[in-house]
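Visitor: Residues per chain are reported as follows:
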Amino acid sequence: DTEVTQTPKHLVMGMTNKKSLKCEQHMGHRAMYWYKQKAKKPPELMFVYSYEKLSINESVPSRFSPECPNSSLLNLHLHALQPEDSALYLCASSQTGQGSNTGELFFGEGSRLTVL
Amino acid sequence: SQQGEEDPQALSIQEGENATMNCSYKTSINNLQWYRQNSGRGLVHLILIRSNEREKHSGRLRVTLDTSKKSSSLLITASRAADTASYFCATNDYKLSFGAGTTVTVRA
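Protein chains in written order, with this note's numbering: chain A, 1 to 116; chain B, 1 to 108.
The shape of chain B in the complex, shown without the other chains:
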């Protein structure tokens, strides 16, 4: 069963704009990970943030983690058409469980 719930379910933005999506979860975690999936393909790991970290950056990605609120956010800055994909958070207690995902469409 999935642990993470993501918000929004879908997001449509113009190229160059920022995209923000949120993930909430229920139990204590060791780490939280974000993955991207292009339509019908495998998942690609984007970033991992540990429970003792609050913020992490990777290129145009910024992830925050608030363990007191059991929530995380993923920010994609200066979006490109190639960022069009589904984005999943995955929480790690004793196994990696994926949230419902956010579908992001970047319009040219």
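This is chain A alone, in the form it adopts within the complex:
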């Protein structure tokens, strides 16, 4: 069982909707991540939060807006998405997010997003 919880598991939204994906971990980890994964492709890094501050934004379009309210929670706010944004969105956490010293990532089961 994963110790990173993502909700919802499935989300269908229209291009004009505003929705949010949520992620929670209670392992005391100080780094949290959003990855996007298309079918039969590897996960692609979107954002990294380290000690509740945004440390990496991989040039993600502004229609994706991350938020880290505290060290246990990570949100991804979605607005005006396109059909090509349909994918599995994976949240992960690690003890620290210190760049090249990052260790094991713990992943949630993902939120499968469909944009109509």
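Please keep in mind that the hints were generated in silico from the structure rather than gathered at the bench.
Fair warning: there could be bad hints in the mix.
[As the list claims (entries may be wrong)] Lysine-lysine pairs mimicking PhoX-like chemistry, simulated, CA-CA at most 25 Å apart:
(1) B/K26 x A/K41
(2) A/K22 x B/K95
(3) A/K9 x A/K19
(4) B/K69 x B/K26
(5) B/K56 x B/K95
(6) A/K22 x A/K53
(7) B/K26 x A/K36
(8) B/K95 x B/K70
(9) B/K70 x A/K41
(10) A/K41 x A/K22
(11) B/K26 x A/K38
(12) B/K26 x B/K56
(13) A/K36 x A/K9
(14) B/K70 x B/K26
(15) B/K69 x B/K95
(16) A/K19 x A/K53
(17) A/K9 x A/K38
(18) B/K70 x B/K56
(19) B/K95 x A/K53
(20) A/K9 x A/K40
(21) B/K95 x A/K40
(22) A/K18 x A/K53
(23) A/K41 x B/K95
(24) A/K18 x A/K36
(25) A/K38 x A/K18
(26) A/K36 x B/K95
(27) A/K19 x A/K36
(28) B/K95 x B/K26
(29) A/K41 x A/K9
(30) A/K38 x B/K95
(31) A/K36 x A/K22
(32) A/K40 x B/K26
(33) A/K40 x A/K22
This one's a predicted model, so the numbers in the text were calculated from it and none came from an experiment.
Given the structure of chain A, go ahead and fit chain B onto it with the hints provided.
Guide: What follows is chain B alone, placed relative to chain A:
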């Protein structure tokens, strides 16, 4: 953008056989990690090998790292049907980047 390239893209073996997959990467790394993903689910960390290590074992898994060739291999011994999954290497320079993955099918 992904840093690791994996080979083969897909592998089909009989239960009990060994499975070997390779990962090549381009830049210097601090560590290299292997993950497993069952269809449509989250990734599970398998093993981490640091740049100053050459080989590491965990249960039926054996990982090697050759920093001079910028390559790593994952060996799964005595495979089981439950090993059917996609396997990704992930290289760590300033961020963790995943390779394209190897899809392993273990036939009963």
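Visitor: Are any of the numbered hints broken by this structure? If so, which, sorted upward?
Guide: none
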